[in-house]
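Sequences and hints are given; from them, build the entire structure.
Protein chains in written order, with UniProt numbering: chain A, 1 to 357; chain B, 1 to 390.
In case anyone wonders, no lab produced these hints; they're calculated from the structure. Please note that a few of the clues may not be correct.
Covered stretches of chain B, going by a simulated chain A footprint (3 or more residues, C-beta under 8 Å) [claimed, not checked]:
1) 174-185
2) 210-218
Result set (DMTMM-like, lysine to aspartate or glutamate): computed pairs, CA atoms no more than 25 Å apart in a straight line [unchecked claim]:
3) LYS185(B) with GLU55(A)
4) LYS305(A) with GLU363(B)
5) LYS45(A) with GLU56(A)
6) LYS126(A) with ASP342(B)
7) LYS281(A) with GLU212(A)
Quick look at which bits of chain A chain B covers, simulated, 3 or more residues with Cβ under 8 Å [what the hints assert, rightly or not]:
8) 71-83
9) 86-92
10) 116-125
11) 139-153
In this text, a Cβ means the ideal position worked out from N, Cα and C, and glycines have one as well.
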Amino acid sequence: MAALQTLARRCSTSILKRHFSVSSPVAAQMTVRDALNTAMNEEMKRDESVFLLGEEVAEYDGAYKVSRGLWRKYGDKRVMDTPITEMGFAGIAVGSAMAGLKPICEFMTFNFSMQAIDQVINSAAKTYYMSAGKQTVPIVFRGPNGAAAGVAAQHSQCFAAWYGHCPGLKVVSPYSSEDAKGLLKSAIRDPNPVVCMENELMYGTVFEMSDEAMSEEFLVPIGKAKIEREGTHCTLVSHSKSVGLCLEAAQILEKENIFCEVINLRTIRPMDEETLINSVKKTNHLVTVEGGWPQFGVGAEIVAKVMESDAFDYLDAPVYRVTGADIPMPYAATLERATLPGTQDVVLTVKKSLHIQ
Amino acid sequence: MLSCAARLVRAQIQSKPTACWVVAARGYADIVDEATFTTSEYALHKLDEGPSQTVTVTRDDALKYYRQMQTIRRMETAAGNLYKSKVIRGFCHLYSGQEACAVGMEAALTPNDHVITAYRAHGWTYTRGVPPVNILAELTGRKSGVAKGKGGSMHMYGHNFYGGNGIVGAQVPLGAGIALALKYKGSNDVCVALYGDGAANQGQVFETYNIAKLWDLPCIFVCENNGYGMGTAVERASASTEYYTRGDYVPGLRADGMDVLAVREATRFAAEWCRSGKGPMILEVATYRYSGHSMSDPGTSYRPREEIQEMRKTRDPITGLRERLISVNLATAEEMKQIDLDVRAEIDKAVEQAKADPELPVEEMYNDIFVDEPPFKVRGTNPFMYGMSK
Chain A
1 MAALQTLARR CSTSILKRHF SVSSPVAAQM TVRDALNTAM NEEMKRDESV FLLGEEVAEY
61 DGAYKVSRGL WRKYGDKRVM DTPITEMGFA GIAVGSAMAG LKPICEFMTF NFSMQAIDQV
121 INSAAKTYYM SAGKQTVPIV FRGPNGAAAG VAAQHSQCFA AWYGHCPGLK VVSPYSSEDA
181 KGLLKSAIRD PNPVVCMENE LMYGTVFEMS DEAMSEEFLV PIGKAKIERE GTHCTLVSHS
241 KSVGLCLEAA QILEKENIFC EVINLRTIRP MDEETLINSV KKTNHLVTVE GGWPQFGVGA
301 EIVAKVMESD AFDYLDAPVY RVTGADIPMP YAATLERATL PGTQDVVLTV KKSLHIQ
Chain B
1 MLSCAARLVR AQIQSKPTAC WVVAARGYAD IVDEATFTTS EYALHKLDEG PSQTVTVTRD
61 DALKYYRQMQ TIRRMETAAG NLYKSKVIRG FCHLYSGQEA CAVGMEAALT PNDHVITAYR
121 AHGWTYTRGV PPVNILAELT GRKSGVAKGK GGSMHMYGHN FYGGNGIVGA QVPLGAGIAL
181 ALKYKGSNDV CVALYGDGAA NQGQVFETYN IAKLWDLPCI FVCENNGYGM GTAVERASAS
241 TEYYTRGDYV PGLRADGMDV LAVREATRFA AEWCRSGKGP MILEVATYRY SGHSMSDPGT
301 SYRPREEIQE MRKTRDPITG LRERLISVNL ATAEEMKQID LDVRAEIDKA VEQAKADPEL
361 PVEEMYNDIF VDEPPFKVRG TNPFMYGMSK
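This is how it looks when you write it as structure tokens:
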């Protein structure tokens, strides 16, 4: 039991904010913000054709300071402030990728990407296919996704399901600093269009970084999930900030001798079905957790995948989804809190799955 | 409606070439090597001077333009017939009547320059170097098509040619992005981003003008104004139909799009402007399409047949060039007739191949989703069917 607990602790990177680990020698600690910054810096240093454009990315150091210092280091040519014209600058970014550059197109939040979504889908995602392999679009669209704090309905939507729907796009959703650095680096090096959905509330979260993660050649492969915590009773699968929620819930449930396996999807599209299915075959119970809306969401897709796979025969309960409430995000703090899933939602749902209480 | 059509025709007619002179005396054997013509006036916006109205063309170039325009005309006619016999499906937007725009512009560009246009793209695909047989085979959806039949009419790509774009106006920011890449790489080349009078009102076009001017992008924005956005005449869609001025702070000019030499001269002027680092320019070419917006539109419910016939009779770009060449002994009627026959034979042969070639095998539908990716499973139409994407 104790060994299992130590194993579980070693497997997870960091669970709570500002958590200083002393369990094993560790190379460094990094916030998610710095991890993203490092990723862009390293890739811009490595490849002349990589550049960053978006609102406030240059002289302001980034609306959320993710691009801090990059303009001072690389100058106007490589870090470009754009006017507030998403459709225009996203189209320009896509065009520059078609002509051989490697743009990182930042949306201040993915809510604003809706104004440019035609360029992301019709100009970027579909072009390699429509041209039968003649025209590549090596672009990264990145920015914060999902709910922040008190920003209300128009600024709180999660776009994982919308972008995850489309063939021709790769969609990643990092949780930890290691995820953020490795996935963004992979995304920048990937010659296909990649949507990298970050989370504003995670930018300041500190995570341990292994020696390997600190190296300039550290990449996290797109399309591979990570088992953050091994378990035997129930699988929790999630992406982005909700992974933290699952790890918290797993700790709570552990006190009641319920051991959850926590999977961090890392990539929404292509989703790592193999890891999911193997886990379900092991635990026989699955609960999906996300911040986005329930209908047609990431969880809904996971349920469908599991239903159609041979993991179905291993289920001892239906697959359940924990999601944001099916309403536009309210402003008032109590209402907002009630709109987003909390640990109690995950704990309750796991217990329902296990027919406990 | 009739009055605005008449105004359009009147405006076009005013730009018919007037003066020309010969280098040598006329005679059957006295073919000249080059000749000079006068184009109609260019309208200028925020420009102190514009392109020259005096244009010189060599015999070789003139015959090349003639052949190219005739090839586009024959190819588009063939496409129309293939559509009517249901061998081409979906969308098919014909370029007939607008040939002087693509041919004239190409004449002032090099293959190192870049071009992006909207969906009326077959003519441009050809001038950018794709053989007619591969264009027609793409239209008929065969694997010998330039996009293996996966793109269709609106999605044909070539060297430094980015299609073929189906969403009205979306190609304009893309074009400025290509120009950004050219400037970024320190290249001397330009990007030509074309759009129609309908697309000219799109918000993203103005967003693009703004960034292109702010960042001095080497982009020529070309408005192919054919008088109609689908079934809506320009007066009914645009508060201002002076499309060459719509860029406000972006200098612009308007040229006669039915005169291949005027188009060439205007493009040369615009390209020089962009190459010298002065930023973008707008070039409006006043042109006309004989067909409807697409093959599902007869093109006669919103404009009088007389207008179409009048344009064919008096303003046709191919006839216009032919008459010019003959009038100054740059070429004989016989050799141009021979070009007509050669082109017809080439297109006829291409049509036969476009009809006979096979489509891609169905398993290949899963390919070309990602580049540089190890083979991966792609779901088909039922849970038990998967393809491999290679």
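Here is how each hint holds up against the structure:
no.	hint	result
1	174-185	holds (count 11)
2	210-218	holds (count 4)
3	LYS185(B) with GLU55(A)	holds, 23 Å
4	LYS305(A) with GLU363(B)	holds, 23 Å
5	LYS45(A) with GLU56(A)	holds, 21 Å
6	LYS126(A) with ASP342(B)	violated, 38 Å
7	LYS281(A) with GLU212(A)	violated, 31 Å
8	71-83	holds (count 4)
9	86-92	holds (count 6)
10	116-125	holds (count 4)
11	139-153	violated (count 0)
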